[in-house]
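S.K.: What follows is the residue order along each chain.
2 protein chains.
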Amino acid sequence: MDFPAELKRQIARVERGLDLHVPRGDTRPARLHTAMRYSLEAGGKRLRPVLVLAAADLSGAPGEAALPAAVAVECIHTYSLIHDDLPCMDNDDLRRGRPTAHKAFDEATALLAGDALLTHAFLLLATAYAPQPALVQNLVRELADAAGSRRLVGGQMEDLLAEKKPDATSDELEFIHLNKTAAMIEASLVMGGLVGGAEEAGLGALRRAGRDLGLAFQIIDDILDATADSATLGKTAGKDAQAGKTTYVKLHGLEASHRFAAARTASALNALESLPGDKAFLRMLVAAMAARKS
Amino acid sequence: MDFPAELKRQIARVERGLDLHVPRGDTRPARLHTAMRYSLEAGGKRLRPVLVLAAADLSGAPGEAALPAAVAVECIHTYSLIHDDLPCMDNDDLRRGRPTAHKAFDEATALLAGDALLTHAFLLLATAYAPQPALVQNLVRELADAAGSRRLVGGQMEDLLAEKKPDATSDELEFIHLNKTAAMIEASLVMGGLVGGAEEAGLGALRRAGRDLGLAFQIIDDILDATADSATLGKTAGKDAQAGKTTYVKLHGLEASHRFAAARTASALNALESLPGDKAFLRMLVAAMAARKS
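If you're matching them up, the sequences are chains A and B in order. Mapping to the numbering used here: the first sequence position 18 is 18, numbers consecutive. Mapping to the numbering used here: the second sequence position 241 is 241, numbers consecutive.
Be aware that a few hints might be false.
Just so you know, same-sequence chains aren't split out, so a pair can sit in one copy or run between any two.
[Claimed, not checked] Derived pair list, reagent style SDA-like, types lysine to any residue, alpha-carbon separation capped at 20 angstroms:
1. LYS164 with ARG28
2. LYS103 with PRO87
3. LYS165 with LYS250
4. LYS45 with MET284
Since the hints were made in silico from the structure, they are not lab data.
Just chain A, same shape as in the assembly (with noise of 0.2 angstroms):
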C-alpha cells in the first residue's frame, strides 16, 4: 500500500465532509457559520476523522456512510481548540500559522463558534443516522461520553490546574492523558465501528486500540515538545519546560518516555491484530503517529 497517498485519499474524504456537513458560511447567522468554518478549515492531520473512516472501512460500512460521524468527531475536536485557545485558557494568537478564532473574529464570536462546533456534532448524528436510531443512540453516547465532563472537559480541567501546580502526580498525569487526549481517539475508533457494524468484541478491541493509540500520541507530543525545534513543530518548542508543566518526560525522562511510546504503540497494534479484514492502513498510521517529528 502507498500509505502516504492512502492518507492524503482519506483526508480529502474528510474534507469533502467538513464541507457537505457543516452550515455554509453565507448562511445566517453569517459570522457565526464563517467562524466555525474558519477554525474547521484550518486543517491540522485531521487524525480522529480518518480513525472513524479507517475504522467502519475496516468493519464493513458502505461508501461513505461514516462521513458525518467523521465531521461529527472534528467539529468536536476544534470547539476544543478554539475554546483552549481563548484567552482565559491558553492564551494562543497562533494555530498552525494561521491567527486563533477569537484573533480572526473577537472572543464572543468565538465563544459561540466552539459552542456552536459541539452542537452541531450532535445535530448531525441524529439527522444524518435518522433511518437508524439504534445507531444514533449508540454514537451520541460514545462521543458525549468521550466528550463530556468526565473525559474530554474533565481532561482539561485537570491540565488547567496541573499547571499551576508544578508537582503534580503521575495519577493526576495519567488521568489527563486518558481523558484529554485517548478518550476522543478512542471515540473515533469506536464509533468507526459502530457505524460499520462491528460486533461488541470488534468494538472492544478497537476501543483498547485507541486508547493506547492516545497515549502514544500524547507522550510523543510531550517528548516533541521537549526535543523538536519550533521550526520541525510548527509551533513553538519547549512551552511545557517553560512553563513549568508537568509531563511525561518531566516525570519519567526522555528514554523512559520512548520506551513508554513504543510499548502502547506496539499494544495498539495487538489490539488491531484481533480485528478481522484488512488492516494495512490502520496498522501504518498508528505506526506514522508513532514516528512523527511533528
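Given the coordinates of chain A, work out where chain B should sit on it, guided by the hints.
M.R.: Here is chain B on its own, set in the frame of chain A:
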C-alpha cells in the same frame, strides 16, 4: 386547581431530577462538577424543564419518564447563561443575586462548566432513554436543533451584533427573539410531547404554543426592563435603554408591546386548546408568564 401549589410541586420534581441526573460535586474532577452544580442550583423560574414535564404529563408520559429530558433542557439553558455572563459577552457579576460562575470560580472553570453542561445534556438523553432509540434520536435532534447555530447560539450571535448597532431592524429583532428565546421554550414543550408519545398533530400544536409563549415571554422581558424597578425585578432594570439596545419596546412603543404580548399569549392558549387531556396547569402557566412582574 391550586396553581401556586402545583407549580411548586413541579419545580420540586425538577430539583430532584437535577440532583439525580447531574454528576455529584465530589466526583472527579470535583472542581468542574461543583461549578456545574453551582450554576444549576442557582434556581430561577425553571420554566423550561417545567414545560417539559407539563407537556409530558399532558401527553400521557408515565411517572417520571420526562425527568431526564427536563434536566437536559435545564442543562442547556444554564450553560447558555454561564457563557452569556462571561466577560467577553455580557460581563455580568451577579445572576439571581449570587456571583456568576466566573466570579465564584474563575473564567476558565466557568467556560468548561458551560461546555460540560452542554455535552451532558446529550449524554443524559442517550443514556436515560437508551431502551427507546427512536425517542433518543427525536429528542437529540430537537434539542440540538433548538440549541444550535441556527437557533439559540445563532440568536445569541445576532443579539451581540445588534448591540453594536442601535438601529437594528424589526426583522433582526424577530430573528433574535425567535431563536435566542423562543427556540428552547418551543423545544421544551415538543420534547415533553415526544416523551409522552404525542402524535404529529399534537407535536405541532405544542410547537406553535411554545413559539408564541416564547415570543410573549421575551417581549414581557423587554417591557419589564423598561418599566419595572430593580428591586421588583431582582436585577438591574433599564439596562436595555442604557445600553442603547434595540428592543421591541424601543421599536414599537410600550402600548404596542403590551398588545403584541397579549396576542401571542392568546395564540399560545389557543394552540393548547387543540390538545386532548387536562390542560389546566399549562394554561395557567402560560397566563402566569404573561402576568409576571419579574
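S.K.: Each hint should be assessed against the structure and marked as holding or not.
M.R.: Quick rundown of the hints versus the structure:
| no. | hint | in the structure |
| --- | --- | --- |
| 1 | LYS164 with ARG28 | between (41 angstroms within a copy, 18 angstroms between copies) |
| 2 | LYS103 with PRO87 | both (10 angstroms within a copy, 16 angstroms between copies) |
| 3 | LYS165 with LYS250 | within (14 angstroms within a copy, 51 angstroms between copies) |
| 4 | LYS45 with MET284 | within (15 angstroms within a copy, 55 angstroms between copies) |
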